[in-house]
Every structure is written in C-alpha cells, then in structure tokens.
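The listed protein sequences correspond, in order, to chains A and B. Per numbering that gives the first Met the number 0, the very first residue in the first sequence carries number 0; after that it's consecutive. Per numbering that gives the first Met the number 0, the very first residue in the second sequence carries number 0; after that it's consecutive.
Worth flagging that the hints you see were computed from the coordinates, not collected in a lab. One or more hints might be untrue.
[As the list claims (entries may be wrong)] Have a look at the derived ranges for each label pair, beta carbon to beta carbon:
#1 Gly91/B / Pro545/A: 28 to 38 Å
#2 Glu14/B / Lys480/A: 39 to 49 Å
#3 Lys94/B / Arg451/A: 14 to 24 Å
#4 Glu50/B / His6/A: 33 to 43 Å
#5 Pro184/A / Arg76/B: 52 to 62 Å
[Stated by the list, open to error] When the alpha-carbon atoms are kept at most 16 Å apart in a straight line, the in silico EDC-like pairs for lysine to aspartate or glutamate are as follows:
#6 Lys22/B / Glu132/A
#7 Lys20/B / Glu294/A
#8 Lys22/A / Asp138/B
#9 Lys35/B / Glu276/A
Cβ coordinates follow ideal geometry from the N, Cα and C atoms, glycine included.
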Amino acid sequence: MALYRAHVLICHGTGCASGGSPKVLETFREELQKKNLDKEVLVIATGCHGMCEFGPIVVVYPEGTFYSQVKPEDVAEIVEEHLYKGRIVNRLLYKEPISAQKVCHYKEIPFYGKQHRIVLSNCGYINPDNIDEYISRDGYQALGKCITEMSPAAVIEEMKKSGLRGRGGGGFPTGLKWSFCAASPGNKKYVICNADEGDPGAFMDRSILEGDPHAVLEGMMIGAYAMGADEGYIYCRAEYPLAIKRLQTAIHQATEYGLLGENVLGTDFSFDLHIKEGAGAFVCGEETALMASIEGQRGMPRPRPPFPAVKGLWGKPTNINNVETWANVPRIMLQGAECFAAMGTEKSKGTKVFALTGKVKNTGLVEVPMGITIREIVYEIGGGIIGDKKFKAVQIGGPSGGCLVEEHLDLPVDYESLTAAGAIMGSGGLVVLDESNCMVDTAKFFLEFTQRESCGKCVPCREGTKKMLDILTRITEGNGKPEDLDTLQYLGEQIKATSLCALGGTAPNPVLTTLKYFRHEYEAHINEKRCPAGACQSLLRYTIDPAKCIGCTKCARNCPVNCISGKVKEPHLIDQEKCIKCGACMANCPVGAISKG
Amino acid sequence: MVVGTQQDARSLVREITAPWKGKQGGVIPVLQETQKQIGYLSREAMEAISEELSVPLAELYGVATFYAQFHLKPRGRHIIRVCRGTACHVRGSAKIMERIMSMLGIEENGTTEDLRFTLEPVACLGCCGLAPVVMIDEDTHGRLTDDPAKLQAFLDNYS
Numbered sequence: 000m001a002l003y004r005a006h007v008l009i010c011h012g013t014g015c016a017s018g019g020s021p022k023v024l025e026t027f028r029e030e031l032q033k034k035n036l037d038k039e040v041l042v043i044a045t046g047c048h049g050m051c052e053f054g055p056i057v058v059v060y061p062e063g064t065f066y067s068q069v070k071p072e073d074v075a076e077i078v079e080e081h082l083y084k085g086r087i088v089n090r091l092l093y094k095e096p097i098s099a100q101k102v103c104h105y106k107e108i109p110f111y112g113k114q115h116r117i118v119l120s121n122c123g124y125i126n127p128d129n130i131d132e133y134i135s136r137d138g139y140q141a142l143g144k145c146i147t148e149m150s151p152a153a154v155i156e157e158m159k160k161s162g163l164r165g166r167g168g169g170g171f172p173t174g175l176k177w178s179f180c181a182a183s184p185g186n187k188k189y190v191i192c193n194a195d196e197g198d199p200g201a202f203m204d205r206s207i208l209e210g211d212p213h214a215v216l217e218g219m220m221i222g223a224y225a226m227g228a229d230e231g232y233i234y235c236r237a238e239y240p241l242a243i244k245r246l247q248t249a250i251h252q253a254t255e256y257g258l259l260g261e262n263v264l265g266t267d268f269s270f271d272l273h274i275k276e277g278a279g280a281f282v283c284g285e286e287t288a289l290m291a292s293i294e295g296q297r298g299m300p301r302p303r304p305p306f307p308a309v310k311g312l313w314g315k316p317t318n319i320n321n322v323e324t325w326a327n328v329p330r331i332m333l334q335g336a337e338c339f340a341a342m343g344t345e346k347s348k349g350t351k352v353f354a355l356t357g358k359v360k361n362t363g364l365v366e367v368p369m370g371i372t373i374r375e376i377v378y379e380i381g382g383g384i385i386g387d388k389k390f391k392a393v394q395i396g397g398p399s400g401g402c403l404v405e406e407h408l409d410l411p412v413d414y415e416s417l418t419a420a421g422a423i424m425g426s427g428g429l430v431v432l433d434e435s436n437c438m439v440d441t442a443k444f445f446l447e448f449t450q451r452e453s454c455g456k457c458v459p460c461r462e463g464t465k466k467m468l469d470i471l472t473r474i475t476e477g478n479g480k481p482e483d484l485d486t487l488q489y490l491g492e493q494i495k496a497t498s499l500c501a502l503g504g505t506a507p508n509p510v511l512t513t514l515k516y517f518r519h520e521y522e523a524h525i526n527e528k529r530c531p532a533g534a535c536q537s538l539l540r541y542t543i544d545p546a547k548c549i550g551c552t553k554c555a556r557n558c559p560v561n562c563i564s565g566k567v568k569e570p571h572l573i574d575q576e577k578c579i580k581c582g583a584c585m586a587n588c589p590v591g592a593i594s595k596g
Numbered sequence: 000m001v002v003g004t005q006q007d008a009r010s011l012v013r014e015i016t017a018p019w020k021g022k023q024g025g026v027i028p029v030l031q032e033t034q035k036q037i038g039y040l041s042r043e044a045m046e047a048i049s050e051e052l053s054v055p056l057a058e059l060y061g062v063a064t065f066y067a068q069f070h071l072k073p074r075g076r077h078i079i080r081v082c083r084g085t086a087c088h089v090r091g092s093a094k095i096m097e098r099i100m101s102m103l104g105i106e107e108n109g110t111t112e113d114l115r116f117t118l119e120p121v122a123c124l125g126c127c128g129l130a131p132v133v134m135i136d137e138d139t140h141g142r143l144t145d146d147p148a149k150l151q152a153f154l155d156n157y158s
C-alpha cells in the first residue's frame, strides 16, 4: 500500500454533498496534480461528520485540521498554503459559536468534545466505499472471533451482559430478543435490519449507513450466527438513495472477500443478504408491517402474539433490529460486554446517537453516553439557542415522543427517565424549540404527520387521531371551545390504550405532553383567541404603528389583496377583515413600523 | 422511456417480472421497476403484472395505493419534493411550499399541465442540518428561503 504524508478527508454525506462537496473533491485532485502533490497527499471521500450545518467539511490529517464551509474556490488556497507550505488557512477554520474563537483541530471543537463516538467512530474517518479501510479499523474481526471461537449461545450471553437495548425506539433488551428467536424451533430463520427511518427530524441511521455500512453488515452477520439464521434483509427507505448505493457496494465487496455468502471465513456459517427498498409508508417501521411489506403486501401491522421471533417473515422465526442497534454489535463483541456496560446508567448502557436540530447553533448528529443531561446536549454540544432567544422546550422522540421543558434540562437522558417525564427515547430526534415556536402548532404538526401515516387498520388510530386533529385545527384557527382540552385528554388516553401498534399507541404523546406543560398556551388560543408565540396564522394581526410609518406606500404596493390604505407620506392602515396574514407588508417595510401579534 | 401501446407495456412487464417467477416478495420490486421505466403505473401495466405474477388486480391495486411512492397517473418530468420534517417545519418549509405552489399554479401532489413538474410534500429527507430542504429529482437543495426570485432561478435549472 502506498504511503502518503497527508490525507484530505472530504465529507460526502447527504448534507455536505448537497452543499457541493463532490466539486470540492474534484478541485482538490486538480490542484494537487498541478503542484505535483498527488503522490504525497491522498484525497478521500468519507461519511458524515455530523456537523451538517457547517458543510462541506474538510479535515486534513495528520494534524486533524478542521475546515468548514469549504467552497471549490477555497481549495487552491488550502493546497498552496496548508499542503505545500504547511501554514493553516485561518479564515476557513470553524468558528466556535459560544466563544466566537476559531478552532483549529477536530478534537478541540466543543461539539465533539462532549461526545463519545463509538457507533459513529468510523463515520467521517474512513472511505465507506472501501472495505479495506473498514478492515484496517478492526472491521470484521468481531465476526471472525464469533464464528471461529464462540458458540452461538456464548454470543447471545455476551449480548445480554452488555445491556444493549433496541435503539429504534422501544428499548427492548437486544440479547433477550435474540434468545427468543434462537430458541424458536425451525431450520429457516431470518434477520432483518430496519432502516426505514421515518421519524421527521431523525437521520442517524442514514448517516451510519452512508458512513459505515460494513458495521451494519457485520452486526447482522453476528446476529444471524447467534440465532441460526442464514438469510437477511435490509429494509431501507427509498428516500435514501445514497445509503442504498453504499450498502450495495458494501455487500458486493464483502461477498468478494468471502465475508458474505457460502461458508464465511471457511466455516460452516453461510449468510445471504438482500436490500429491500421501501415504498414510502411510515407505518412500515413497525416490525410486523415491515415484514408484510417485504412479502409484497400492504404494510399493515398485525396483532401480536405470535411475535416475529416465533412467526415472522413468511411464517419463519425472524429477528428485527434497527441500524444503530446492529452497528453497536461488532464493537460489543470486539471490546467485550463489560467495556460497553461501563458506559451509561444502571438500566441504559452504552451511547445513543441523537439528531440535534431546530433552534440550536450547532445542529447535527451527536453521539453521547446515556445519562448525559439535556442541558449538556443543548447548551454545551448544541452551543445554545440561535439568536440567544429563550429556550422553550425540546421535542424528543419525534411524532411518538413528547416535549420536555426547562425544569427537565437536568434530566439524565435514559430510557426510564424520559418515559417518566412523558417523552420517549424514540429513534433519537431532538428538536429544540424557542419562544417563537407555538406549542399547539407543534403538537398539531406531529399529529398531522401520524394521522396521515395511520394505515387505517384499527379504529382508535384511524378515527381517533382524525378527531384530535380536527379539534387542534379548530383551536389554532381561533374556534376552540373550553371543553376541547378535556376531550383531547380523554381521546389521547383512549387511543394510547387501544391502538393495535406503536404508531397509534404513541401518536397522542405530543398532544398530551404539551397539554401537560403548556396548558396556558392552549387556553390563550381558546379563551383569548391569541397565539402567544405569534406562530398561528389565523390568529395573527398585523398592525402599522402610525408613529413610525413614513407613508412610503411600499406595504400597500406589496399587499396581494390590496387591504392597506393611506396617502403618500401619511400613516397607513391595514383592513383586518381583508388581510390574509401573508406578512408581505412587514417584510417590505423599510422602517419596521409593522408588527404582528 | 415512454411506453405507449398496450403491447409495449406487456413486453416490458414480462421482462421485469421474469426474475421473480416462482419467487416470493416480487410485487413491490416489480411495481417499483415498472414505475421507474414508464414513469407511473398505467392500467395496462397493472393488468400485465397481475397476469404475469398471478396476483389479483384488486390486490395489486391495494398495494399500489397503500404506498406513497406509487402513482396511477402520469407525473412530471421533474419531481419536486418539499421536506416538511420537523426541522424544516420550524424553519419555514410551509412558506416555501406555498410559494412554489403559487409559482407553478398547482396544488400539493399536483402536476403542471406541460408535465414539467410534479410537486410533492415529503415527511423527512433526513438532512435536517440544511433545513429547509427541497429535493428535485436526485438533487438536494438546502437552506432555502421563500424569496420568489431565488426559487424561480433554481426551478429554471430543470427544463
């Protein structure tokens, strides 16, 4: 293998790629060639670094210099200054939002400092399209160890000891789940990777698949060996074309190396792996619906028992885990269960990847040890709220989860404490909301989503969420009635208790938690016909301050419904009856005389 | 590729279904491939698939209408997907959707008369760091605003 004095790692995750990183990579190759450095410096396309907000990201090793928002026209300067003369290009360094200082090295960035990257350790560090790079990072060693030195029962025992719990939302102990499937009689069994990451605001699985696909493959193979399965499926949503492409490459390369297929590593263990593209149905993230979809039917859940471990895909014992869970497996088997169990809290071990988004300064993927507080995630990793507005809530767990408020900021993040507070770990979406976000509107947003995605099989979910949404819509339009809040509470509890699957069983959560913590906002909408955050369109009123208005007529000229009247150089007036609340007047006022509220 | 006559649809479907004969789980991949080739699932194609795979037409119709990905009517040459995931929602995706609707003169899930664009909302594209995001065909565009001039310039790239 050729040796290089420097490596330039360019992020090719979806975020950076849409920001133009392929063009940056191409320019690097050209510039290096011009300077005759192409034999000394290697350019590599990697997976996601997690800091998508500041992409495209370029990291130069051996120093680990971290350049952010690099454009093709910046490349010549990096090559000339950094790679040729050895001087860091100061202006392209990442500027830390809290201290406003430039940070030079990857490791010094607070966004990464608090993180504990295990599942994401290869993401952004290796070329995901090259199996050799995965192998050089101890890849497939765990598989080798399991199938040559350990019995299937010993592998399951090790998984149980590690305390790993399902990362897809439910939090069921993985080792225990495996033991059920292993104990089921039958000589045909399946393992499935649930990569139907459908929660709006969650993209950790996508980044793992794009940045480290072999870890998922290796985890599935270890699981298949432990449970006696010889065939597997990865069910990936069609909205993730890059992840599917990288998985195809990974499967192809692993097969060529004899790591996948017949008699893996010369043992009796054989394993076949297929990719199934989803067709766009959120409910297919539910395991029985997912299996129906692989079988080619409508993706509707069915009552359990029988559980998939007994009767799953095509009636055979089947085990389903999600991407992040599978990706944890090789690390656990390689480093030992104790090492993994040393991280986290008593009942929640290891790390969890969160997709930190919304109104924080640093958005992106963060991997933190279980038990970290929400305050640490929002303020130390996330860098606090954009524009230093007031923190209002975090919405955790997506449409199945709930809102947590200021008093929960010091809550340790683990399965139990989140559930106790009314939210759930879920898949790990963490959306930060500030004072300008309306909680009724947020609850309505999530319910609209689950309502639309309800498969319609069971009545509570199909009809109940519809009724709840009708009420919420009425409230945000200023037509709420005082008794609506009790009705919402009652409906929510009934739907949770009686729905067939987890979609309906968790759909009311966003409404129930906002009712609990932000009841006053609901009441303001209903009783005062007012949206305190100024977010609900129908309840908005745009008004012109006559003291500030200079009578320039710009608002009147931009109003699409001609509802603003007034003479030149005299204060103008908005006709509230005709106003459609589009905000065009406010956006065009040169003196800030128009306010909404 | 545009398939016009019934005969063409049938021979295409025969090709697509061939590897799935006698195997389980072919329905969705076959529908996906057919749609990829013809652009949508025409009645002729559906009838041909039903015969080739020996699956009742009613069942096929049930599957095709269950999943958001399948379309029984012709679609535009370019598909605009406006993300309305949580991160995009809190950063103003609804306004962008409205703006594009009024620019193209179509509703959500509508297709322009010249079959140039189809406009669809999508639950989450998974690039929340770039919110708000719009995907046109396979290209992801992030950090958008509802500025009509900018949106127009970016739609002009797709003819």
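A quick look at each hint next to the structure:
Distance hint check: the CB atoms of glycine 91/B and proline 545/A are about 30 Å apart, consistent with the given range 28 to 38 Å. At roughly 60 Å, the beta-carbon separation of glutamate 14/B and lysine 480/A lies outside the given 39 to 49 Å, and the hint is violated. The supplied range of 14 to 24 Å is met by lysine 94/B and arginine 451/A, whose beta-carbon atoms lie about 20 Å from each other. In this structure, glutamate 50/B and histidine 6/A break the distance hint of 33 to 43 Å, their C-beta atoms being roughly 56 Å apart.
Between proline 184/A and arginine 76/B the C-beta distance comes to about 53 Å, which sits within the given range of 52 to 62 Å. A C-alpha spacing of about 36 Å is found between lysine 22/B and glutamate 132/A, which places the hinted pair above 16 Å, so the restraint is violated. A hinted pair counts as satisfied when its Cα atoms are at most 16 Å apart, and lysine 20/B with glutamate 294/A qualifies at roughly 14 Å. For the hint linking lysine 22/A to aspartate 138/B, the alpha-carbon distance of about 14 Å falls within 16 Å, and the restraint holds.
Between lysine 35/B and glutamate 276/A, the direct Cα distance comes to roughly 13 Å. Compliance with the 16 Å bound is thereby established for this hinted pair.
Taken one by one, the earlier hints fail for this structure at numbers 2, 4 and 6, listed in ascending order.
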